[in-house]
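Residue numbers (our numbering), protein chains in the order written: chain A, 27 to 303; chain B, 35 to 422; chain C, -14 to 595.
Incorrect hints may appear among the rest.
[Unchecked claim] List of simulated lysine to any residue pairs, SDA-like, C-alpha gap at most 25 Å:
| no. | chain 1 | residue 1 | chain 2 | residue 2 |
| --- | --- | --- | --- | --- |
| 1 | A | Lys55 | C | His115 |
| 2 | A | Lys55 | C | Thr198 |
| 3 | B | Lys250 | A | Lys55 |
| 4 | B | Lys334 | B | Pro420 |
| 5 | B | Lys250 | B | Asp414 |
| 6 | C | Lys475 | C | Ile271 |
[Stated by the list, open to error] Sample of chain A residues with no beta-carbon within 10 Å of chain B, all distances over it, derived:
| no. | residue |
| --- | --- |
| 7 | Val138 |
| 8 | Leu209 |
| 9 | Met236 |
The set of hints was computed from the structure by calculation and includes no laboratory data.
The beta carbon of each residue, even a glycine, is placed where N, CA and C say it ideally should be.
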Amino acid sequence: MGIILDMLTTAAILFTVATGLMIILGVMKLINFAHGAFLMVGGYTAYVVTQLGWNPWLAIPCAAIIGLLLGMVVEQIIVRPLYSRPLDAILATWGLGIILGQVVTIVFGREVQFVETPIRGAVEFLGQSYSIYRLLLLGAGAAIGAALTALLYFTRFGLNARAVIMNEELARGLGIDSTRVRLLTFGLGAGLASMAGAMITPLISVDPTMGLPWLVNSFMLVLVSGVSIPGLMIASLMLGGAQVVVSTYISPILGGLTIVVLAAVILRIWPRGLAND
Amino acid sequence: MNTKQLLRQIPIAGVMGLIAALAPAQAEEPIKIGVPVGLSGANSVVAPSVVQSTELAVAEINAAGGVLGRELEVVVADDGSGAQGAQKAFQSLVYQQEVDVLISMETSAARNAGLPIVNRAGVPYIYTSFYEGRSCSPWMYVNAWVPEQQVAPVVDHFTGEEGAETFFLIGSDYAFGRGMLEFTRQYIEEKGGEVLGEEYLPMGGTDWTAIISKVKSAGPDALVTSTAGGAPNVTLTKQLRAAGVEIPYGNLAVDEGTARNMGEDAAGIYISASYITKIDSPENRRFMQAMEDHFGDEAKTPNELSVPQYEAVYLYKEAAEQAGTTEAQAIIDALADVSYDGPRGTIRMDKQRHATLTMYLAQVQPDGGIELIRSFQNVDPGEQCPNL
Amino acid sequence: MTDDATVLPAAKADTTAGRSRNDLHYLARCILVAVGVLAIAPFVLDFYAMNILVRALLLGVLALTVDMLWGYTGILTFGQSAFFGIGAYACALMFTHFGFGHGFAVLALVLGILAAVAVGLLVGWLAFYHGASPLYASIVTLALPIVLTQVVYSGGTFTGSSSGLSGFPTYYWSLTTWLWTAGGLLIVVTSLAWLFVRSDMGRILVAIRENETRCAYLGIPVSRIKILLMAAMGGLGAVAGFGYASFSNVVAPELTGFLLGTELLIWVALGGRGTVVGPVFGAILIDVSSSYLSGSMPFVWKLFIGVAFVLVIVSLPQGLTPVVTRFWRRVSGRKPQAAPPPRLTAAPPRHAVDDGRTPLSVREVHRNFGSLQVLQGIDFQVGRGELVSLVGPNGAGKTTLIRCLADGLERTGGDIVVHGNDLARRAPARCVALGIGRKFQKANVFATLTVAECLQVARYSLDPMSPWTRASELRLPASALRIVEETGLKDSLSVEARHLSHGLKQALELAMVLSLEPSIVLLDEPTAGLTRTERERIGAILTSLVREEGLSILLVEHDLDFVRQISSRVIVLHQGRLVLDGSVEEVVDSELVREIYAGTHYRGEEAEAS
């Protein structure tokens, strides 16, 4: 039972962290290598919020807003000129990640910061003592998935975004302001990343390089997912689950490499991941 | 060393050489102490405190008339906390700055990268960071702890006062993590305890989920961890607490300052160190006061890494005075004999280039404070460099 | 996802330069200057600077391999550090555990290169297969250093884990010797790379970067070339790593890591990708200045590098080298000398094979996308000297059918036989070997290559290409030559393809396809967007090709008048089925075709029609 909960909660955390990257890739066909840096921005927002003595729960909405604003600024300065050069966009956003990381280092220092945890300890769940916060993240992951689906399918923005995904030229011909869609999408993606960063601070440490392992894992998951919300859920369950299984039964060291290696193999066999026909 | 200095030196060096050759030395040249340290990279968090304690020691010694009538001068070089940077730093210090001695706290990778340069050039080198042990060079002395010294207090306390019989060990997969836990396992088994599991995560790995579940299902009496510093250590502690693991927990990789910052999550953790700020001795009180007087608000909290650095400068002074020269081989010979009464007590590096130390077992309190549980006098470093 | 390295003007300067005496003189002068600088350096530099420079020179070699892969061929690699690490660890492990001496050194170097080449082949095999997305190569090269670093960490005392290995016996040569060794290696490697990228083979790399699909359909074994390049650059990276370890006497996991891999990209981007010397200087200058500055201002320095990197990627994608070159030209008043284009000559005539076997026969071909049947039960033949037009409304499956004929992996079922040979599951490049040439609907040429170079690239499978020199003569079959001459391409041989008019681009692509000397030519709307005169000229050429050289042509066309003018037979596709196959008169005037085009035809009537 414990291992099932580990698998589910690991998958939920991976899903939560990867959604921001996926939204941007889905709509903008662009890989945002600053994803890890946005995650870090969320972590530091949580740090500042708790340093100000505010309620730790406030860190999550604050991080989302700061990520959104930051994303929208960055989109206009760095990302917009690179729409037609997707591989260059990877590099430019990686450079952006370096910049954000160094600015944070200069302001806060390189050391690990400590963020107050909103809730700690374990509860009895299905006859098992289990971390409350991880269980909450399980719910949060599901909620984010549902909210994003609703956003894409029941709002004007979602309709426009889906039109841009399918055929950007046609969408523009129909009067959809695709530049605006891209602006909002990048903001949304950055906001989600930043929010995820704040959400996982109770489990991880806040430091200038905290985003890197998450970036690599998210990148792999999103590609395996075939860029869809249910796909990402399945990919997180599959690869996150595999990581837990390998860590538990074989070796945690191999477990740490599971997602990267498995994703490379899966994508070799099914280049479009779970979106294969 | 900063850029300005460097730029100034390039054109001036030639002129200086000329002057030195023509005129007899007016005043004695200062004795140069090279300090390669990780101003950037992983060690950048503790490096400032190490630089400060070096500066304090040098200032004190110079105020009291210097060494052999000469002033001491500190030359700091960034080693980037890694091998590549360390090489550059050591080369710059040894060959460009021509320092008389190297005194530094560094990562093992940086130390290993620097040692070949030290050996080739024959410069005395005092290493002031705790490490996994058994690094030997005819030119190196170590005044910080090795696993033999750090592990015993934690395990002894757990098997004694806490009555623990079964242990679980968790670490990061790198030289220090493996080295510490392998020694811990041996020591536990010698003491009749049982190790239920020994698990590692890749260096830098921060998702401890599966390992924590293993801990919970194994149900040990106590936990000993030795991870990489920074993120891996912090995440492990947080995730253990989030998972509700409340057994006695000895963390071999956490220092007093970090533990204090971690707040509630760190409460209850046992740490074992050769220095804690709570040491109640006149030397430590004087040292803490001197730090405050010298640096004021800028003073970094003294710690397990900065204090050995401070003491090492004094050990060098003693050695130079005993040898009556700064000549390298004479210093190396003298370093084995001299001792210094510092904040950590009397330090003498006479055990195969390592030092017998007093170790302190402390526990982090819910308010972030540290409570001294027990001290262990004269803990021997064991067989470190039998060939030297 | 297609990378738009296509619009990089980076290749501009060198694409126009042919191999000439001038070129070699220029190279010789550069080498002379470099050797001179290297000879003087030990007498000017201090000990510290020398040490740093030796390392930077070796990293320069590594940066060069990244430029070959990324700058020239368009493979965005994060993993060159892994090969560097393999070479470095080969050296350290050998000297630490097995012994030291000339024999051991050579053995370690050879083993290091072999290991790196093997890993390079494995990575290449994983990353480069027909249809792989360019992103996948980035994924594999990202995974490689992550896995390798962990292997080093887990290696315990054998690899030294996190502490690395150091203090092993090595060559304690004087710094001057090391500087000359490393500098010599860099000069040799850079010169060879410079010659290579300017050679005919080097143009192939650029062609792959610009348009991989077009390359595959020109019969260029793209995957094999990329795999071999990856392995070769891996081996070279290992040589640099070996030098690094034996000089510095230290290896550590960071040498194999992903972060060094990304740093390399930064150096190459700042220096100027696709310029050979730019990345080398980028690596040397940034590494050396980091050594001097990162100690005094570690965070600000890295911030500065980050900002510079983003600025260059966004607004100066070709890096700083072209800026410097332009400035130098203005100062020195020297103009880039475009080498004259190669002389056009006629390839010996080689008429389409008349082996009595049907050039193209298609049986029961179908193609499904999921549950959607795009083609069902297609059956037809194209004989020698026939020009068959394929007509039908949008979405009838015409382009899909063309694709099935040119790529054996495309169809879901059915047989395609070309001159008696089963097409089987051949990838496009191997279909070309059977005699199939395909022209795309949208003009598909190599944007930054000149017209002459585009045509040269198309001759890859017929005329051997030198990896060192530039051919002075371009051999084209009569048909291609005729297009080049009649359309006026002849006067634009030194013009980059992207500057051509739409009509000329179409003509160029057709000429490229004909340069393959195919026996079956597949043309997808070759006249779309052309003027009336252009269209008639193409039509005349096509009909004469069929008549005089016995070519078989299958042509997708919308313009029924044009079809009527040139076709010998017409096939009608509708909703994925072949509904009519007959002479021009039978088809064009049939009721069915009129209905299909008027949109009044329904599925139910198909049975009657077929």
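Going down the list of hints, with the structure as the test:
no.	hint	result
1	A:Lys55 with C:His115	holds (21 Å)
2	A:Lys55 with C:Thr198	holds (20 Å)
3	B:Lys250 with A:Lys55	violated (43 Å)
4	B:Lys334 with B:Pro420	violated (37 Å)
5	B:Lys250 with B:Asp414	violated (35 Å)
6	C:Lys475 with C:Ile271	violated (45 Å)
7	Val138	violated (5 Å)
8	Leu209	holds (33 Å)
9	Met236	violated (6 Å)
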